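**Q** Residue numbers (the numbering used here), protein chains in the order written: chain A, 10 to 191; chain B, 4 to 500.
No lab work stands behind these hints: they were computed from the structure.
Fair warning: this is a prediction, and the values are worked out from it, not measured in the lab.
Be a bit skeptical, because a hint or two may be false.
[Stated by the list, open to error] Derived DSS-like pairs (lysine-lysine); straight-line CA-CA distance at most 27 angstroms:
hint, chain 1, residue 1, chain 2, residue 2
1, B, K424, B, K398
2, B, K224, B, K495
3, A, K170, B, K486
4, B, K297, B, K344
5, A, K53, A, K170
6, B, K131, A, K162
7, B, K56, A, K170
8, B, K436, B, K457
9, B, K146, A, K157
10, A, K157, B, K116
11, B, K457, B, K151
12, B, K355, B, K151
13, B, K457, B, K471
14, A, K157, A, K53
15, B, K150, B, K398
16, B, K37, B, K56
17, B, K457, B, K398
18, B, K457, B, K486
19, A, K53, A, K29
20, B, K246, A, K162
21, B, K143, A, K157
22, B, K424, B, K453
23, B, K56, A, K162
24, B, K230, B, K424
25, B, K297, B, K355
26, B, K132, A, K170
27, B, K471, B, K424
28, B, K224, B, K36
29, B, K37, A, K170
30, B, K251, B, K182
31, A, K170, B, K151
32, B, K398, B, K436
33, A, K157, B, K56
34, B, K227, B, K486
35, B, K143, B, K182
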Amino acid sequence: MICKLNDYSESQIEDESLAKFLNDLPQDVRAKYATYLDSQEQLKNALSLYFNSPNQYQSITPLIVFNELSYEIVTLLLNNNELPDEVGEEGSILAFIRAAGYTDQFMCSDCYGQLSCSSCAVEVLQGTLENPFPRDEEFDMLDIDESKPPTEKTRLGCQAKVGTTPLLLKIRAPEKIIISKV
Amino acid sequence: MSNTIIDPNQTSQTNTTDASSIFELSDFKIHFKKPKAWTTPLGTTIEHHAFKKLLRTDIRGIFESKGIIDPDLDAREIVAQVFPFKINQHIVDQINWQNYQEDPLFQLTFPQKEMLSEEEINDVKALKKANASRETIAEKISKIRTKKNPAPANQSANRPFIDSDDEPEFIDGLQHKYKKIVLMFHKNAQTCHAYCTYCFRFNQFVGKDKFLEEDHSRLHKYLKSHKEVSDLLMTGGDPATMKADVWKKVLLPLLSPEFNHIQTIRMGTKALSYHPYRFLTDPDADELIGLFRKMRDSGKHVSIMGHFSHFQEMGPVTLEAIRRLREEAGATIRTQSPVMKHINDSSYVWAKMWDLQVQNGMIPYYMFIARDTGAREYFEIPLARALDIYQGARKQVSGLGHTARGPSMSCGPGKICIMGKETIAGEDVFILKFLQGRNEDWCDRVFFAKYDEKAAWIDQLQPAFGEKRFFFEEEYAHILNEKQKKYNEMLKQGAVA
Numbered sequence: 010m011i012c013k014l015n016d017y018s019e020s021q022i023e024d025e026s027l028a029k030f031l032n033d034l035p036q037d038v039r040a041k042y043a044t045y046l047d048s049q050e051q052l053k054n055a056l057s058l059y060f061n062s063p064n065q066y067q068s069i070t071p072l073i074v075f076n077e078l079s080y081e082i083v084t085l086l087l088n089n090n091e092l093p094d095e096v097g098e099e100g101s102i103l104a105f106i107r108a109a110g111y112t113d114q115f116m117c118s119d120c121y122g123q124l125s126c127s128s129c130a131v132e133v134l135q136g137t138l139e140n141p142f143p144r145d146e147e148f149d150m151l152d153i154d155e156s157k158p159p160t161e162k163t164r165l166g167c168q169a170k171v172g173t174t175p176l177l178l179k180i181r182a183p184e185k186i187i188i189s190k191v
Numbered sequence: 004m005s006n007t008i009i010d011p012n013q014t015s016q017t018n019t020t021d022a023s024s025i026f027e028l029s030d031f032k033i034h035f036k037k038p039k040a041w042t043t044p045l046g047t048t049i050e051h052h053a054f055k056k057l058l059r060t061d062i063r064g065i066f067e068s069k070g071i072i073d074p075d076l077d078a079r080e081i082v083a084q085v086f087p088f089k090i091n092q093h094i095v096d097q098i099n100w101q102n103y104q105e106d107p108l109f110q111l112t113f114p115q116k117e118m119l120s121e122e123e124i125n126d127v128k129a130l131k132k133a134n135a136s137r138e139t140i141a142e143k144i145s146k147i148r149t150k151k152n153p154a155p156a157n158q159s160a161n162r163p164f165i166d167s168d169d170e171p172e173f174i175d176g177l178q179h180k181y182k183k184i185v186l187m188f189h190k191n192a193q194t195c196h197a198y199c200t201y202c203f204r205f206n207q208f209v210g211k212d213k214f215l216e217e218d219h220s221r222l223h224k225y226l227k228s229h230k231e232v233s234d235l236l237m238t239g240g241d242p243a244t245m246k247a248d249v250w251k252k253v254l255l256p257l258l259s260p261e262f263n264h265i266q267t268i269r270m271g272t273k274a275l276s277y278h279p280y281r282f283l284t285d286p287d288a289d290e291l292i293g294l295f296r297k298m299r300d301s302g303k304h305v306s307i308m309g310h311f312s313h314f315q316e317m318g319p320v321t322l323e324a325i326r327r328l329r330e331e332a333g334a335t336i337r338t339q340s341p342v343m344k345h346i347n348d349s350s351y352v353w354a355k356m357w358d359l360q361v362q363n364g365m366i367p368y369y370m371f372i373a374r375d376t377g378a379r380e381y382f383e384i385p386l387a388r389a390l391d392i393y394q395g396a397r398k399q400v401s402g403l404g405h406t407a408r409g410p411s412m413s414c415g416p417g418k419i420c421i422m423g424k425e426t427i428a429g430e431d432v433f434i435l436k437f438l439q440g441r442n443e444d445w446c447d448r449v450f451f452a453k454y455d456e457k458a459a460w461i462d463q464l465q466p467a468f469g470e471k472r473f474f475f476e477e478e479y480a481h482i483l484n485e486k487q488k489k490y491n492e493m494l495k496q497g498a499v500a
């Protein structure tokens, strides 16, 4: 489910558990997402049920991805028992995003998940990945995009695997324009 | 749809309202095309082998899986930090592990300790032993890499630009060095199915010197206004890693009349060797073959510039992919490779490779000299030796195998071929010839250098007959200077890539 944030006015997330989970999103984003959820009753109820008793729904992993550049949020409620095997590692964030039908327009992957670029980099704002520590080759790739210097929360969407805890992610907008060397 | 969510695993729950509904909260669904087995015309079935990359931290496991205790394992892992390493199971299966150290495909893909100096390896080992931080080791690795001439042949000087008054821009992902051909580095083609140990574009794969195009738009804009261009070379990385839907966006617009001057589409690839399933069983293989056929049927020539380093790469799956590209896509396959110590430095290997290529309908095209980059000391052979190998191989094959040009240095001024060694007026000389030149007038010009049995690159040669400079040197410096001035001017105008 995709939320184009600019289409919504601002309100407040009613559910306290969900509001707490979304706390790391910018205030305006959170407020617009709240209005969006009000318009999506099924999704709102599903999230509310999950966040109030997550232990009851262990095969479900909510994945909420905020794209800072396109100013959109994709919300997925994943079946973590059925791992898509492409693109990237089996069960990776990118694989789930692609399996749900979202293309490069939302989450870019220049190398089709081959761990040969960093175009699918995300910030893990909340939640624990199935593989919380990047392998060496992933770590090496994290800092190659000079326009988006990595933080401690940066991972590659093609390598980071969805686990059983809900994930809140951010796809960052470039911080600066890089002028190529002559 | 119910508002109640039920975990499908918790079957004991009594409320069974539409348990699957929570998974259907999606705007749309997509269906991935599945790979399928391929049947050859003779009825042999080739099962799909999904591409799975194996990286540096997999090296240890590969040796373990083969029951081998490799004495150089630690060094290999260090070398693989400096030069990018990636292979896949298909390549592992092609290697003769009984004698892996001598195996050409092992040498072609696996890091060798001699690719770095002993001192360089020991420096990194010492840092690791001292539990140095990841950043310290990365800094050391980066320093070593910088010493390996990571940006050879002035490639940045090949970058063209669109010089419009309102929006001047460099086009980072194109190269236009020779008049008739434009190279495109698409962002989706910046990796390969495996990396060659001697790769001259290794810096691209470690995240440095990225020159790439975000999409096809500037390519089309550039080609439209450059009617002198007849060939488009899709390169990378390996453009065979690019999916068919992206290929379509690049190629199909070229069928409109404004691109009539584009006669030939070339694809520079090693996928025929490294992942031949790309053209047979991959989910979009049929689409890609169909696209090439459409280009061909619409009057464009499709030329696959296949990189083959050794005849051992041409196994049955590769040969079937070759047959399909030729017969179904209507493509012509031309072959090329550098001549490299430890991999293919013998006339026998080249003769057998060219014979096999001709037999399977391919056209031997180039024998290159190792570029002055990367682990050159490990791979390079002197020009004199390369010439011996080339001439020795030609003697062993029929005229149809004589189409390979070389040995050729692809250097800043152009492609310079070593035509022979002779004694002229009492002086031993190399006879050299431009096969392509940064100035088109240089093409086919013959010139002479003092014979030097150790020289391995153009910058190690001296002009013969007492000349102080080769004929092109002054003009080449002038061309580069003019380019630099133009770039500076455009930067002042606010041009960005």
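**Q** Run every hint past the structure and note whether it holds.
**A** Hints, one by one, checked against the model:
no., hint, verdict
1, K424/B / K398/B, "16 angstroms, holds"
2, K224/B / K495/B, "23 angstroms, holds"
3, K170/A / K486/B, "47 angstroms, violated"
4, K297/B / K344/B, "41 angstroms, violated"
5, K53/A / K170/A, "25 angstroms, holds"
6, K131/B / K162/A, "25 angstroms, holds"
7, K56/B / K170/A, "17 angstroms, holds"
8, K436/B / K457/B, "19 angstroms, holds"
9, K146/B / K157/A, "23 angstroms, holds"
10, K157/A / K116/B, "34 angstroms, violated"
11, K457/B / K151/B, "20 angstroms, holds"
12, K355/B / K151/B, "32 angstroms, violated"
13, K457/B / K471/B, "20 angstroms, holds"
14, K157/A / K53/A, "32 angstroms, violated"
15, K150/B / K398/B, "39 angstroms, violated"
16, K37/B / K56/B, "19 angstroms, holds"
17, K457/B / K398/B, "24 angstroms, holds"
18, K457/B / K486/B, "33 angstroms, violated"
19, K53/A / K29/A, "15 angstroms, holds"
20, K246/B / K162/A, "30 angstroms, violated"
21, K143/B / K157/A, "23 angstroms, holds"
22, K424/B / K453/B, "10 angstroms, holds"
23, K56/B / K162/A, "25 angstroms, holds"
24, K230/B / K424/B, "39 angstroms, violated"
25, K297/B / K355/B, "34 angstroms, violated"
26, K132/B / K170/A, "31 angstroms, violated"
27, K471/B / K424/B, "20 angstroms, holds"
28, K224/B / K36/B, "32 angstroms, violated"
29, K37/B / K170/A, "22 angstroms, holds"
30, K251/B / K182/B, "25 angstroms, holds"
31, K170/A / K151/B, "36 angstroms, violated"
32, K398/B / K436/B, "21 angstroms, holds"
33, K157/A / K56/B, "26 angstroms, holds"
34, K227/B / K486/B, "22 angstroms, holds"
35, K143/B / K182/B, "41 angstroms, violated"
The structure fails to meet hints 3, 4, 10, 12, 14, 15, 18, 20, 24, 25, 26, 28, 31, 35 from the earlier list, while all remaining hints are met.
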